[in-house]
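Asks: Below, each chain spelled out in residue letters.
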Amino acid sequence: MSTSAIEAEGLVRTFGKVRALDGIDMVAREGTVFGLLGPNGAGKTTAIRILSTLLRPDAGRAIVGGYDVVHEPAKVRSLIGLTGQYAAVDELLSGEENLFMLGRLLGTSRSSARARAKELLEAFDLSDAAGKYVKAYSGGMRRRLDLAASLVGRPRFLYLDEPTTGLDPRSRLELWGMIRTLVAEGTTVLLTTQYLDEADRLADEIVVIDHGKVIAAGTPQQLKTRIGGQVLQAQPADPADLPATEKILAALAEGDDGAHNDGQLVSVSIRDRSALGQAVRQLDDAGIAVDDLSLRRPSLDEVFLAITGHVAEEERVEDLEQGSTDERRPT
Amino acid sequence: MSTATLAPRVRPNLVSNTLQLARRYLLHIKATPEQLVEMTIQPIMFLVLFVFVFGGAILGSWQEYLQYALPGILVQAVCFLPFTTALALNADFTRGVIDRFRSLPIARSAVISGRILADGARIAWSIVIITGFSMILGFSFGGGTAGAIGSLVFVLVFGLVMCWPMAFLGITARTPESVNTWGFMLILPLTFASSAFAPPESMPGWLEAFVNANPITAVIDTARGLMLGGAVADPLLKAVIWMVVIVAVFAPLAIVRYRRRI
Chain A
0 MSTSAIEAEG LVRTFGKVRA LDGIDMVARE GTVFGLLGPN GAGKTTAIRI
50 LSTLLRPDAG RAIVGGYDVV HEPAKVRSLI GLTGQYAAVD ELLSGEENLF
100 MLGRLLGTSR SSARARAKEL LEAFDLSDAA GKYVKAYSGG MRRRLDLAAS
150 LVGRPRFLYL DEPTTGLDPR SRLELWGMIR TLVAEGTTVL LTTQYLDEAD
200 RLADEIVVID HGKVIAAGTP QQLKTRIGGQ VLQAQPADPA DLPATEKILA
250 ALAEGDDGAH NDGQLVSVSI RDRSALGQAV RQLDDAGIAV DDLSLRRPSL
300 DEVFLAITGH VAEEERVEDL EQGSTDERRP T
Chain B
0 MSTATLAPRV RPNLVSNTLQ LARRYLLHIK ATPEQLVEMT IQPIMFLVLF
50 VFVFGGAILG SWQEYLQYAL PGILVQAVCF LPFTTALALN ADFTRGVIDR
100 FRSLPIARSA VISGRILADG ARIAWSIVII TGFSMILGFS FGGGTAGAIG
150 SLVFVLVFGL VMCWPMAFLG ITARTPESVN TWGFMLILPL TFASSAFAPP
200 ESMPGWLEAF VNANPITAVI DTARGLMLGG AVADPLLKAV IWMVVIVAVF
250 APLAIVRYRR RI
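Protein sequences, first through last, are from chains A and B.
According to numbering that gives the first Met the number 0, the first sequence is numbered sequentially starting from 0.
According to numbering that gives the first Met the number 0, the second sequence is numbered sequentially starting from 0.
Worth flagging that the hints you see were computed from the coordinates, not collected in a lab.
Predicted model, so just to flag it, every value in this text is computed and none were measured.
Backbone N, C-alpha and C define an ideal beta-carbon position, used for all residues, glycine too.
Any given hint might turn out to be false.
[To be verified] Pairwise CB distance ranges (calculated):
hint : chain 1 : residue 1 : chain 2 : residue 2 : range
1    : B       : Leu35     : A       : Gly138    : 27 to 35 Å
2    : A       : Gln220    : B       : Leu35     : 54 to 62 Å
3    : B       : Arg22     : A       : Glu71     : 23 to 31 Å
4    : A       : Gly217    : B       : Val255    : 52 to 60 Å
[What the hints assert, rightly or not] The calculated lysine to aspartate or glutamate pairs, modelled on EDC-like cross-linking and capped at a C-alpha distance of 16 Å, are:
hint : chain 1 : residue 1 : chain 2 : residue 2
5    : B       : Lys29     : A       : Asp24
6    : B       : Lys29     : A       : Glu90
7    : A       : Lys212    : A       : Asp196
8    : A       : Lys131    : A       : Asp167
9    : A       : Lys16     : A       : Glu29
10   : A       : Lys212    : A       : Asp24
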């Protein structure tokens, strides 16, 4: 068993004139969470569809668990579980019937398919709703069932395409916990997300893609370090002191970015750790009392902004993956 | 949750995968009772309306018209039932369920064959209901037991043939609405402009020519011949050729579309 579980090299896929993937390279190690991070339309779903044998790449190659996705798709399918952007469960069956059917399709006996369904329903806190039609499930329940459905065959590789999009914060946290459990049990997870905090919290390694290209890669820590050291924040007790605080912190800033003042909190990027001590002294000298003074690493939001030059959220308007799906559909 | 060890996988088995998926589609009937209405009440309603509204006017008595019209009503029913094939496949695509199936190590065409097998069961059910009800009303098979069984099996086979164009339509259409529009545009004229409800000789020349060329007419004439006792060789030959052509054209088209649609 190789340590690089999923490998992709120079993946290209175009839909009409749109280059959804424009030469993606990535290596995910066995037993880790690999995050594919990018705004909507970046090419994340296209990448997942190629790696799950649903779509052929125009160029490049991809290996999953030692098998080529184009030449040995059946082998790849026997190793993977896929949970797509929308919960792909059968609404007209009960939760239990959904899982039972998948177990039977995978060739297990009636009794083991029943047992596996029961086990998964319990693990995903769906036992009470086991006999109910899925059309009566809430969004969070559907997502959990969808995740359970992708686990029926105990896949070595689990692909999660934006698993928490549209979920409320509590369901999101629950799903994160379930993903961590799976990884602890040895599953390799490939996760796409447009939520930077999700990649930050879950992924061991991240590839940031935008317009079909890899624009950054590394651990969350590395990515955060890449855009400079740390962020120094100060919150003056008296808002009247904000301008003075901003002036003091701006003098400590790295580069010409200056300080950012959001009307409550002044923050500044620094590289030199002595800046914290200087800030304390200078604020004290100026007689400014502060409620909060702290050093923190930049969030991935700030990383994304620094790398791409635009805010991740703005891209949501244009949903290329949706658009390209339409193009591919026959009329 | 148990450990992530690899469960033993068997090689994809088309037969067992087809049976499992047919079971899935039949379970849908439980969740959507209107399907049961469509399979049971609707054909009976058609039968009653046609026989009692038009029967006397067309053939002088409803009893006689029942004898004439039952084969046509059966064939029309089995042409409309495969709409469910189209709609179910369409829904599976638009809801992403097909993605899940295609990412599993199962026989890929089992989705289509399972759907058609399920429809075979639905069609058989409707045939039994319609025929049983007609017999209560006084329908009598003039072609003997062999003719009776032969005609019903023949109509069932034709229903299965009609599943293929419907599968193609369901996979190709973007929305359930366009499935309905195109399906009705195709099936309604074909079933009415046939020998189902009135003798073709009573129609204007251009329509009679169409009716005689219509494959549905050949199917109905065969069923009628078998049910009532009469010559079937000629329409049977035509009907079989048409059925082979329909499957030969639409089965590959449906499968290719199924593979390509993403």
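Asks: Tell me the hint numbers this structure goes against, listed in increasing order.
Replies: 4, 5, 7, 8 and 9
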